[in-house]
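Protein chains in written order, with my numbering: chain P, 1 to 115; chain W, 1 to 115.
Hints are computed from structural coordinates only; laboratory data are not their basis.
All of these numbers come straight from a predicted model, not from anything done at the bench.
Wrong hints could be hidden among the right ones.
As the list claims (entries may be wrong) - To give a feel for the contact side, a few chain P residues facing chain W, derived at Cβ under 10 Å:
(1) Gln44
(2) Arg50
(3) Gly85
(4) Met89
(5) Leu103
(6) Ile104
(7) Gly106
(8) Lys107
Think of the CB as a built atom: it goes at the ideal place given N, C-alpha and C, for glycine as much as any other residue.
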Amino acid sequence: AQTVTQSQPEMSVQEAETVTLSCTYDTSESDYYLFWYKQPPSRQMILVIRQEAYKQQNATENRFSVNFQKAAKSFSLKISDSQLGDAAMYFCAYRSGGSQGNLIFGKGTKLSVKP
Amino acid sequence: GAGVSQTPSNKVTEKGKYVELRCDPISGHTALYWYRQSLGQGPEFLIYFQGTGAADDSGLPNDRFFAVRPEGSVSTLKIQRTERGDSAVYLCASSSTGQGTGEQYFGPGTRLTVT
C-alpha cells in the first residue's frame, strides 16, 4: 500500500521569506501523481501544485515550486516570498496512475507566517 | 460557475442516530469522492463514484456507512447507528475525470459531531 509522510507537524516563516515543507512517500508503482493541497481554516482544500512522476522537470506555479526526487521518493514544497495568506495546513497527496483516482494524504504541516 | 457544495455545514447528533450528508458536485463532473478527516489528520478516502456507480468503496470503515449517487450528480453519505468515533469532517470532491492529474475540487466539508 502507498503511504505519504509529512514529518513536520508545524512550520513558521517570516513574511517575504522562503520556506520548504517536506514530504516523502512510499510506493512500488511507476506511474503516479503527486500533489500539494492547502487547507485554510475554512476547511476547503485548494490545489497548490501537481507533479506527474514521469516528468523530470520540477513543477512551478508562481511562488510555489517543488523539488521532486523520484529515486529518494521525496516531494518537497518551496514557498517563496511568503505572504500572510499562505498561513494554512498543507497536505501532500499521492494518486495512483491507474483508473482508481482517490488521493492518499499525509498528516499535514501547519504553516504560520509572521508579519 | 458554482463549486462543490456540502450540506449541512455542521451536524450534531446523538450516539445511535442516523445521519445523511449531502454533496452537490460541480455540474458535469462524473467522478465524485468522499473523504473523512479526523482531528489532526489528513483526509482519508471513503468511496469513489464514477457516474452513478460506486467504482471503489474500499475505504468505508464498516457496514454502517453507505453512499449513493442515483442520478450521477448529487451524492448522499449515510451513516447508521452513529458512534462517537464517527465525529470528523466529511469532505466531498468532484473531478471531470477519475484519472491522471484531473484536479479534484473539494467542498467545504460537513463537520459531524456525535455526542
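Okay, the hints, checked on the actual structure:
1. Gln44: holds, 5 Å
2. Arg50: holds, 5 Å
3. Gly85: Given a least distance of 18 Å, the restraint on glycine 85/P is violated.
4. Met89: Hint on methionine 89/P: holds, closest Cβ of chain W at ~9 Å, below 10 Å.
5. Leu103: Result: holds, 7 Å to nearest chain W Cβ.
6. Ile104: Hint holds; isoleucine 104/P Cβ to chain W Cβ min 7 Å, cut 10 Å.
7. Gly106: Nearest chain W Cβ about 5 Å off; hint holds.
8. Lys107: holds, 5 Å
In this structure, the one hint that does not hold is number 3.
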